[in-house]
Structure formats: structure tokens, C-alpha cells
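Take a look at the letters that make up each chain.
There are 4 protein chains.
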Amino acid sequence: MLILMKADAPPDQVNAVMEKVREHGFRPLELPGQERTAIGVLGSNPIQLRDLVLSLPGVADAVPVSKPFKLVSREFHPQSSVVTVRDRSFGPPHFQVIAGPCSVESEAQLMAAAEAVKAAGATLLRGGAFKPRTSPYSFRGLGEAGLELLAKARDALGLPIVTEVLTTEEVPLVAGYADLLQVGARNCQNFGLLEAVGRTRKPILLKRGMSNTIEEWLLSAEYIVGQGNDDVILCERGIRTFEGFTRNTLDLGAVPVVKELSHLPVIVDPSHGSGHWWMVPPLARAAAAVGADGLLIEVHPAPDEALSDGAQSLNPVKFQHLMRELAPLLDTLGIRLG
Amino acid sequence: MLILMKADAPPDQVNAVMEKVREHGFRPLELPGQERTAIGVLGSNPIQLRDLVLSLPGVADAVPVSKPFKLVSREFHPQSSVVTVRDRSFGPPHFQVIAGPCSVESEAQLMAAAEAVKAAGATLLRGGAFKPRTSPYSFRGLGEAGLELLAKARDALGLPIVTEVLTTEEVPLVAGYADLLQVGARNCQNFGLLEAVGRTRKPILLKRGMSNTIEEWLLSAEYIVGQGNDDVILCERGIRTFEGFTRNTLDLGAVPVVKELSHLPVIVDPSHGSGHWWMVPPLARAAAAVGADGLLIEVHPAPDEALSDGAQSLNPVKFQHLMRELAPLLDTLGIRLG
Amino acid sequence: MLILMKADAPPDQVNAVMEKVREHGFRPLELPGQERTAIGVLGSNPIQLRDLVLSLPGVADAVPVSKPFKLVSREFHPQSSVVTVRDRSFGPPHFQVIAGPCSVESEAQLMAAAEAVKAAGATLLRGGAFKPRTSPYSFRGLGEAGLELLAKARDALGLPIVTEVLTTEEVPLVAGYADLLQVGARNCQNFGLLEAVGRTRKPILLKRGMSNTIEEWLLSAEYIVGQGNDDVILCERGIRTFEGFTRNTLDLGAVPVVKELSHLPVIVDPSHGSGHWWMVPPLARAAAAVGADGLLIEVHPAPDEALSDGAQSLNPVKFQHLMRELAPLLDTLGIRLG
Amino acid sequence: MLILMKADAPPDQVNAVMEKVREHGFRPLELPGQERTAIGVLGSNPIQLRDLVLSLPGVADAVPVSKPFKLVSREFHPQSSVVTVRDRSFGPPHFQVIAGPCSVESEAQLMAAAEAVKAAGATLLRGGAFKPRTSPYSFRGLGEAGLELLAKARDALGLPIVTEVLTTEEVPLVAGYADLLQVGARNCQNFGLLEAVGRTRKPILLKRGMSNTIEEWLLSAEYIVGQGNDDVILCERGIRTFEGFTRNTLDLGAVPVVKELSHLPVIVDPSHGSGHWWMVPPLARAAAAVGADGLLIEVHPAPDEALSDGAQSLNPVKFQHLMRELAPLLDTLGIRLG
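Protein chains in written order, with my numbering: chain A, 1 to 338; chain B, 1 to 338; chain C, 1 to 338; chain D, 1 to 338.
Mixed in with the good hints, there may be bad ones.
Pairs count within a copy or across copies, as identical chains cannot be separated in the list.
Straight-line Cα separation of at most 27 Å, BS3-like style, residue types lysine-lysine; simulated pairs [what the hints assert, rightly or not]: (1) K20 <-> K318; (2) K70 <-> K6; (3) K6 <-> K318; (4) K118 <-> K202; (5) K152 <-> K318; (6) K318 <-> K118; (7) K202 <-> K70; (8) K70 <-> K20; (9) K152 <-> K118; (10) K202 <-> K152.
Honestly, the hints are just simulated from the structure, not real lab data.
Bear in mind the structure is a predicted one, so any value in this text is a computation, not a measurement.
Throw the hints in and build the complete structure from the sequences for me.
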């Protein structure tokens, strides 16, 4: 951390700041400048002093100079991690396609979706049993009955299943069914839930919060890994911006940034990232090209009957078409599906 | 809801959409136009059909024409609500000032803060026992010991206490101590938590999420009221924007908007809304002038020793100064402190 | 500026960076740290090296440590400036209310508006003759005929006039009529226009761009002052965010920030800052309370006949009501209208 | 447009609104609903009435139901346009790569860059002679001398040249040299400049403003086409969001949206869209995969000596590497370079 004094800060204010830094076990280094004095703070995790220092007289600002995360950082773990979900590997050179309906609605609907996505080449099955909904008047999922249907589909078709958990209390229940446990965008900073899933031994799919910076998202991953669970897969799903035509603004640049800052695998959700089914195929191709380790795609056997997210769901024919387009692209990019 | 067909949509696509609307129990009304056909959808809560309709051929868009919330809406409940917390009333013409430290750190610190804010005229005491922190390496509160200290301060000084609850499991514990139960910005769309606090009989302080629209925030309030708990106080605390000088951008315009759309009281938190202690007094004055029903302000006996949010905390002298400035302003505005 | 090397940068990369800094006439100061080496850069305006340094091997980041503006900075000019427009002063303890229609539409409309705002207590008259419009199909102002009408209203009523200039070519024309020359939000970074108005000897009203940070806005003011024109008045008019209920999000916190960073006066435009006439009075009160030096308010004799911005314009009765509300508030705040 | 009345609006308010609609030459259609009355407005370009209607008593909102642009709209011009710049075509199935330095700094620098990008396969040359800079203290380009150097490079190498124009006065000068005239992000809503370039017979490269919605961007294109110049190429270059790690957030989803709404070609600038040279190759690949018609890339012979944007510029070796990666990708996507 670098503390910047105000231009007119007298020496006794500078000394008081340096003394305060020492009191907390750090080493201050005075850096006289033309316009102002700066004070470097040496030692481990000095950023914890930031708020404290900012309240001292004569201090203009305090600038962090190292990243606040460690366990998920590539700087301290240079090699890319590969996270395994049953027999599926997330991380270079693998590419996984997770597909299925937004919500599990019935056995017939789920099985139709599951069979269709498997036939088209998807490598994992998604489906929501507990659904977070902005309005209390929307369909909120089948609950445990939905989990049972997902398990049945997995047993029938051999696809690992991905589903979301919403509360700490439901972690044991959902973890008992899921192969990959999803923490949704609205819970990206639900720290109790992050620690609860960190205490399971299941791989975790951590979606970026709609207003979380990449740094905050990685700190949320640090919460999970800090509980002893290394198996975290990140998922970019769009951020909230002023643009209203799309449901969110898909930040594909976040993929190379995550790859630079962290060793964790990262996938992309073009369905939530756009909100329009016709945008899903181009954004899915772009996600592969930008270096993502996989996709999360909503597919419904009849989107015009869907109880949630019909507007952004592909039907089986369109999904099959997308998978056919992706195959030669992945080849060219040197990535392997599955 | 109004469904807009594409300019080139043939009559059979229009008919198919109208048929689908009827199937779901709504009444479609065809509106021929110069460029395109539109279809009005009459009936209760037609917005639930939006996703479904958007996936039909020939549909360009589907535009909601009524607000999705009911219980918290002023349209169906024209008179402003007054929410009572012990002997304090939130809602016109009352004005409450909730003050105290970000985190409860020790008995000495809390009592010093509590005595100072009471002496200066604060009407409720705040303090965090369970703290949501972006980094797992930050101080996260004293937990139940913090709640006990808050209760002790209330008993000694007679100020009702406000404290945050983070998880559904902790709701009974925290509700056992708090007079006003706070749901923080990061949990504004933690729907399980909203319902859990909705099942208590305690008044709830619901902060706006940092990336939630006013409509989403009111829908979150609707979750609480929908469980039978009418006593919701809203709190604007700044939203996330591109401006980086301040911690958040305090959206004071949200206060008159909430007053227009809803009958619930709304207060303002200028401490989180700015991140700088020296911005708190002007923003607090502005909050009173814009029509807020109160303030939530961080005060620490020694901000340069605070374990969290020192940079945005007032010390007792500055808080006293602010309260002296506020008094004639509230008089002029016709508002009554307490 | 502080250059942060990567954790694994070898000494020869550190040396190469230090050499490059010296080559450009700055003094590098090596700061060894636990995790990484940092290099302080001493000298005048080192930020110009930032891009260059970021492209060198081993460099992780380069952090500015001083503000990029000088002429408008309070650090080098501690006393607040007062800018005079004819007989009106902008800057403490004065408070000016500029009011009038969005667009000048006709002599009758302008005179009706001007007489009404004068009678209610406004101290300057606004009106647009050249209008920037998002759509080419919207009304774009009367041009020079509008300027002549403004001059006529000034002569008749004695109110100084404020009007916008859109292009460098029109600067001489508009400056020939205006008492205060407005640069609108869309032109906040139109650098040619900033320099052109900087070369006039007229006071300038510089609106914040809808996506400009406070720092960028002050740099735009620096462009004007750098041409020898010290008379710049800033105007906060709302920024673009994800919130769609209001036309913009009025950033009232920007007022104390500008007051902290700069010596220039700053006023607030609650009409564009909200987009709804019924939000203008509460936001105008809040602007006074937060410390603004004045207001810019749209008033139309018949908002339901306005060719632009009718939804956010007050009618004369509502404006008069607002001015009556403001008077005791300004008294309490120790500010003087006019 | 659909006008929504308030739930409690009495019949005389509904009638007054319908009368006002008729007065302006439109046809109102009353739509009685369960909760409220709505009024459809039939006729051409009813959106011009919006502000006016919103100021009438009893009106809750007025919702546009058609797009405000016509000339650039795909709805009225279904086939994709191809825009020709000398012998280069922008639009399917062509793919153009425009490359070169941010600023023209000297003949040696420009020729080195131009030869390198040509050798690597770029199909047009870019270079800035007039540079918009946030700070008045930054390098602002060589002006006309820079244009002459660009012309010299074109003559020597046969690459069409792209350069930016900043002010209306400079349009004739810059258009005299440029093959493709760029309007930069900060000028996306500089309407005078849009019309001035619209009056030239040169093709225009219109960058999206950093806070412009896709609809606003297309309306800016409409300004140009409205002057009789059909040859507009759009360029997505990132929007401003809360994410600070990247310079902007590249909105690749805007490409399929533009393709859906408009017949104009659209290219992508991954250099400004990220601000980091190491992000340019993955984002360039993603832009091709998402369906863009080309790229705009900053290449400098020695980025660590660049006077602007060094941090986001590729050196010739890295650019060559990118072009080799792109070739098989374009083949797979069925796109043709050049």
C-alpha cells in the first residue's frame, strides 16, 4: 500500500502516519516527492490498514499495490487448475457444454430436454430446482422433487448434473444430488453460502454477480477455497450496465482477465448474458474463441411453454445446430469437447 | 402487457400469439398499426407470459404496462405508512437518526459510541455483530457477543438497536436481540432471507442492493410483506456506477421515486453512499431536504482505530456538529426529529 | 506515479524499467517489498509515462499518485473562486437560480416564461436556441432567431441569459448574445469546443458528461482555463447508470467532491437529473442543502405544449411554489439568493 | 406509442389525453383494462408526443412501440449493406483488418508500422493525426503533417487509410486525405459533426460512444445517412461500466444486436475495448466468431516508445502472430479476409 499525503501536510502529520503504521506491525518507508510526500507500507496484507489510515489528518489517499486474493491467484499458483466433475474435466485443453432447462418443470419436460442435449453433444445437464426470482409471484421451482428428477435423468443418460443452491440450510440437500453445485449471480457475495459450499467436497460453479468486479468475484472464490474446497469453476454471465436492449452485458473480456489473474477454469453463460435466444449461438462461438473452458446454455423442449426464461432458451433443433457449428471451431482453436 | 409483432409478421403469426394468450386465460386485443400490429393482453398479472410470448415467431417485443408489485404500491395503498420501532416512528412527519459504529468491537468502544450519539441526539443505535466482508481476510464481527453488547447498550441508554442479519439460520438469534432487523445491500435479492425475516414480527430495514433498480428493491420489499410482515423501512445507500472517487453513487432521487411508487418509509445512509466521512454532513442535509424519513450514520469513538469503515465514520465531535446543523434544517422543512 | 513489478520479475527487468524512467528525465526510486518490487517515479507530471511503462516486460501496473489537473485544483488555489455573470455572482455565499424553457419556441412562449421566472425570483434566464437531440427527427431549435429573442427578453427584464453552443463555428455567434455560454453534457469532452470557448472572454457553464468521472470533468474545465478563461462554472446534471426510472442519476455527492478538489463554483440541474417534473422540487432543495452554488431549472409556460423536455419542465405556478419553499431553506443554510 | 393512465385517473383525464393526441394529428385508441386505461397512439412517429403527454394530469407513462430510426433499420431494408472503401468491402462475407498506430508520430514510426501491418496481412492502415485527449497536457497529434504522412504511406503501400476528424471545421481537410473518415467515441453524439461528415461523399467509421445505448448509436448513424451519405460502418469499442480492470467493457453482444436491428456493417476495436495488449488477440478472435465484419487494432513498432496508448498496442511480432491465428478461424467461420 502507498499512502499519499496532502500537498500541504506538515511533517508532524507525516510522522503521525508513520507511527500509526509501525504500531500495527508494518514498516513505513517515507518517499519525499516534488508535490507531496508518499509513504510506502511494507509487510503482509497492509490493505487492512487502509480505512484506518484514511481517517488520519493530512492523508489524501491510500492506494493498494498488491492483489487482495492469494489462494486463487495465478501469481502464487502459475499452472492452470483442472477441476473434475465425475468424468468431465474443466480446464485447458478441455471444453464442456452444460445444457438444459432453466427450471425443472416435470419429468416429461426434463427428460425431453436431457435426451435432446445429450444427443446434440452436451457433456453435462443443467436444471433448476430452487429458483431465485425477482418477483415473489413468479414460478420458483419444484424443490426436492426437481432434484430427484435431475438424479433420474443423470442415471438414465449418464450426464453429470448441475443445479443451484440458494440457502445455507439447503446445502446438504442439494449437495446430496448435484455433481456440480451452482452459486448464482445474486449470491456471489452471500458469504455464508460461499463458506457453506466451501465446506462440502463438491465442485462449485460460481457465477459472477451482476455488479461484481472481477476482483470481488475472485475474492468470493477465495472464500470457498479458504474452506478447503479447491474445486471452483467460475462462470461469466453478464454484468449490469446502462444498455437495456440485452438483459445483461456479457463481459467476454473477463475471460482473459481471469486467466491472467487466476488459475481457476472459467466458463460462459450466453443465455443470461443476452436474454435473447437468437444471440446465444454467436456469443457461444465468441466464448470459445476468447478462451473460455466451456458454456452454460439454456435449452427447453418448447421455449414457448417454459415457466421461466423462455425468451433466452434454445429449442432442441437450434441447440443441435449450434453444437454442429461449434465442432469445427473448437478443432481450429485446438480445444477438445468433453 | 403489450405485445409488439414484427413489421413483416403475417396474420397467422398474429393469430397464433392471440391463441396462446387465450390458452393461458388472458384476453388478447388486436391493435392494428401503420407499421406493425400490437396485441394488448388484458387480465391479472399478464407479465408472467412475457418470456413465453417472446419465444413465439413474429414477436418483436412484449412491454409491461403495469407495476409488478402490489402490497407495497402506493397505487393500491395511497396513504403513507408509519413503521414503529419501540417508541420511534418512521414515516412523515417523523425523522429518525440511527447512528453508531460499523462494527461492535468491544464493550468500551460500543458504550463510548452509544453515549456520544445519544448525547448528540441520535434516536436509535446501530452496530454490526455479523459483518459481510468482500475479503475473507477482513474482520467479520463479534457474532452473538456483539449482540449482547448491543442489548446492554440499549438497556443502559434506552435507544432501540438496529443490527444486520446475514443468513436464514441466524434470523431467530438476531431477531431475539434487534429492535430493527437490517437486511444489507448484498442480500437485497437473497430471497430466502427476505422470506425468513418476513416471518418474524420484527420491523425490517431493507437496504437497496448496489445494482438493484428501484423496482427490484420494491419487489424485494414485496417478498417481506408477502409473508405477513408489513413493517418494512427502505434504505437508500448508494448504487454502483462508473464513478470511482466515491464508494458508491448516492441516488437521492430514489427517495421521491419511492415516495411516489410506494407507501413505505425510506431513509438514507450517507456513510456507505460516499465512503468519505467529510461527505457525510452535506449528504445528510441533502437527504433531509429531499424528503427522507431518517438517516443511518456511522459514528466511531476513534475512526483511526476502527476495524472497519474508519474512512467513512464520523467521530463524536463531528457527529455532534452535524446534529446541530440538522436541527434548524428539520424545523424549516417541517419535520420532527424523533 | 508508482510502478508495480510482477512478483516474479527478475532484477534485469526492474533495471530496464528504471533506465527507461531515467531516459525520459524522471528519477526512479526502487522500493523492495515482500511480494514484489515497486518503483516510485519522481518529477513533474510522471503520468505521461504510464502507457509506455505498462508495455515493458515485468510491469504489473502503474498507479498515479497525484491529480492530473492543476489550474482548477484547490490544492494549488485554496480559496473558492467567485465567477461573475453581469451582476450575478456564482460562488459562496451566493446562490443563483437559472430558469427558463428547454428550447426557445416563439417570442410569446419565451416572454411568458421569462416574466414568470423573474416574478418568482429567478436570477438568470435560460433558453436553448441550438439544441442537441438524440434523434434527427426531433425539434432542434430556432438558431439565431432564438438568440435574438433571448437578447430581447434580457433587455426587457434585466435577467442575464444562458444558452448552449454546439459547434466551434457557432462560438462567435452565440458568444455575441450569451452572458453565460453553456457547453452541454454531450460536449463535455469535445476538446475543440472547450478550447474555442476558452478563447472567448465569456463565463462558461460546463455540464458534466453523462458518463464522465469527476476527474475527467475537471480536466475538461482545465482545457478551458488553460486557454486563459478562468470563469468556469460547473454543472452536475446526472450520470448514466443502470437505473431506468429516472432519465439520469443525479450525483449530488459530486458537489462536495468538486468543492474538495477544485476552487470552481458548481450548480445542479435537477430537471435533466431526473426527467420528471415532480422530482425537481425535492432535488432542488437537496442541491441547496448539499452545498451547490445554484440551480438550473426548466420552466415552460405550458409544459404540455413544449417542443422538448415537457415531462421535466415545471409550469409557472409550480416554479413559484418551489421558489417559496427555497427561500427559508437558503436562509437556514446561510446562503444568499442573487 | 402506448399511453398508460394512472389507476385512479377519472374519465375526463382520459378524454383530455385523447383530445390532445387528436390535436397533434394522431389517432388515439382507448384500451380499457382491469387496473387502468391505456391509450394506443396510431400514426407516424408518435414518439415525438411523449414529453408532451407525460406532462398531462393522470398519465402514468408513455411507452414507445416502434424503433425511432428508419434509414439504418433492417426492418425497412432487410438486406445487409456492403460499404466499399477504395477496393475494400465491409459487409458479409468480407472481413477487413484495419491496423496501425494510435498516433502518427513521425515518418519513420508510421512507415515501420505500415510495412509491418501490411506484411502481416492487414487490409487498411489506421493512424491518428488529430487526437482527442482527456488531459490538455497529453500529446495531441501532428495535425495536417500527420495526414500527409498517412497519404505517403498509402501511396507507398497501397493500403487505404483511416483517420479521425474532431471538429466540423476540419472535415474538409481530413476528408481530403482519408479513405475512411472516423468519428470517435467522444463525438458519437456531436450532431453537428455527424451532419458535416454526412455531407461528404466519404465512407464514415462511426464509433459507439462510451455511454451510448445501441439505439442511440444507430440514431447517430441515422444523422449521417440522413444527409445523403449511406456509407456508414459502425465500430463497437467498449462501453463504460463499473469494472475498472479493463479500460472499457467490450460489448460483443452489440454485434448480433446491430446485425438484427440494422443493415449496416459493424467492426470491433479490441484495443480500446480492453486497454491491455495481451487481451487484444483473444478479443479479436471472439469478434470474428461473434460475426463482426472486421477489426480495428492498434499496432506500434515499439509500444514502449509510443506517445499514446502504448499499453494497448501490439508490436509487429505479436500482430503477425494474431493474423496467423485468425486465418484458419476465418476459414472455419466462412469469412474472407480482404
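Here is what the structure says about each hint:
1. K20 <-> K318: For K20 and K318, only the inter-copy Cα distance (22 Å) is at most 27 Å; the intra-copy one is 63 Å.
2. K70 <-> K6: between (32 Å within a copy, 14 Å between copies)
3. K6 <-> K318: between (60 Å within a copy, 21 Å between copies)
4. K118 <-> K202: within (23 Å within a copy, 49 Å between copies)
5. K152 <-> K318: within (25 Å within a copy, 50 Å between copies)
6. K318 <-> K118: within (14 Å within a copy, 40 Å between copies)
7. K202 <-> K70: within (21 Å within a copy, 40 Å between copies)
8. K70 <-> K20: Classified as within: same-chain Cα gap 26 Å, cross-chain 31 Å, threshold 27 Å.
9. K152 <-> K118: within (14 Å within a copy, 58 Å between copies)
10. K202 <-> K152: For K202 and K152, the Cα distance is within 27 Å only inside one copy (19 Å; across copies 42 Å).
Checked against the numbered hints given earlier, this structure breaks none of them.
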